[in-house]
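Here the protein sequences come in this chain order: E and G. The numbering used here puts the first residue of the first sequence at 690, with every later residue one more than the last. The numbering used here puts the first residue of the second sequence at 19, with every later residue one more than the last.
The set of hints was computed from the structure by calculation and includes no laboratory data. It should be emphasised that the depicted structure is a prediction, and the values quoted were computed from it without experimental measurement. Accuracy of the hints is not assured; some may be wrong.
What the hints assert, rightly or not - Facing chain E, according to a computed beta carbon distance under 10 Å, are these residues of chain G, among others:
1) Val-37
2) Gln-68
3) Ser-113
Stated by the list, open to error - Some residues of chain G that are not near chain E, with every Cβ distance over 12 Å (derived):
4) Lys-29
5) Lys-33
6) Lys-35
7) Pro-79
8) Val-107
From the three backbone atoms N, C-alpha and C, an ideal C-beta is built for every residue, glycine too.
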Amino acid sequence: GEDVEQSLFLSVREGDSSVINCTYTDSSSTYLYWYKQEPGAGLQLLTYIFSNMDMKQDQRLTVLLNKKDKHLSLRIADTQTGDSAIYFCAEIEPGGYNKLIFGAGTRLAVHP
Amino acid sequence: GAGVSQSPSNKVTEKGKDVELRCDPISGHTALYWYRQSLGQGLEFLIYFQGNSAPDKSGLPSDRFSAERTGGSVSTLTIQRTQQEDSAVYLCASSLGSVGRGIQYFGAGTRLSVL
Numbered sequence: 690g691e692d693v694e695q696s697l698f699l700s701v702r703e704g705d706s707s708v709i710n711c712t713y714t715d716s717s718s719t720y721l722y723w724y725k726q727e728p729g730a731g732l733q734l735l736t737y738i739f740s741n742m743d744m745k746q747d748q749r750l751t752v753l754l755n756k757k758d759k760h761l762s763l764r765i766a767d768t769q770t771g772d773s774a775i776y777f778c779a780e781i782e783p784g785g786y787n788k789l790i791f792g793a794g795t796r797l798a799v800h801p
Numbered sequence: 019g020a021g022v023s024q025s026p027s028n029k030v031t032e033k034g035k036d037v038e039l040r041c042d043p044i045s046g047h048t049a050l051y052w053y054r055q056s057l058g059q060g061l062e063f064l065i066y067f068q069g070n071s072a073p074d075k076s077g078l079p080s081d082r083f084s085a086e087r088t089g090g091s092v093s094t095l096t097i098q099r100t101q102q103e104d105s106a107v108y109l110c111a112s113s114l115g116s117v118g119r120g121i122q123y124f125g126a127g128t129r130l131s132v133l
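Using the sequences and the hints given, assemble the complete structure.
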C-alpha cells in the first residue's frame, strides 16, 4: 500500500540543526521529494533524491535515504526563523504518472 | 508565466452553488495536476492531465467534481452543488512531463470556503 508517514511537529532553537524524518512503504519509489509550505502559500520544492543515492547535500540542506528501512530524512543546518514552515515528504506513486503521495507534513517551529 | 498561477486565491460560496477554479501552468509544461489540501485528509491527488492523453481522474472524490484542460494549457476545476466538506485549499501543479524526475511546481492555491 501507499503510506508516507512523518512526525507532526518539531521545535528547535535558532542556530541548531533540524532533522525531519519520513518513512515510506513502497520500495520501488524512484524519486523522493521534500516540499516546504509557508503559511498561506503553496508548496515550494526544496530538494529531491533519486533512489540510487544515499545522500544529497544542497547548501544547508542534507537529505539522507535509507532504502533498506524506507527512511528519508531532511537535515537543515543552522536553522533560522525563516525556516519555520510545514515540511512535506512525498513519493511518486509506483506505476503512476508522477502522482505524488504526501505525508501529513511536519510543522517546524524555530524559537530564539 | 514565471510560475503556476491560480485564481481566485480565495473563494467563498454558499452550499449548493457551483464554483470554478482556474490554473495557468508554467509555459511549456505538458503535465498538469490538481491536488486538494484539507485538515482531515492532508494532501490528496485529484486529477492529472498529460498532453492529449485521457486524464487520470482516479482521485476525484465524487461526480460533482470535474476538470478540463483547454488547448493543453489552462485548466479549470469545477465543483457542482458544493458541500461544506468541499472546503479546502485546491492546489495546481505542472511539470515538464510524466517520466523521470517530473518535478512538480505548485501554485499558491485557491482557498475554498463553503458556507
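Indices of hints not satisfied (ascending)
1, 8
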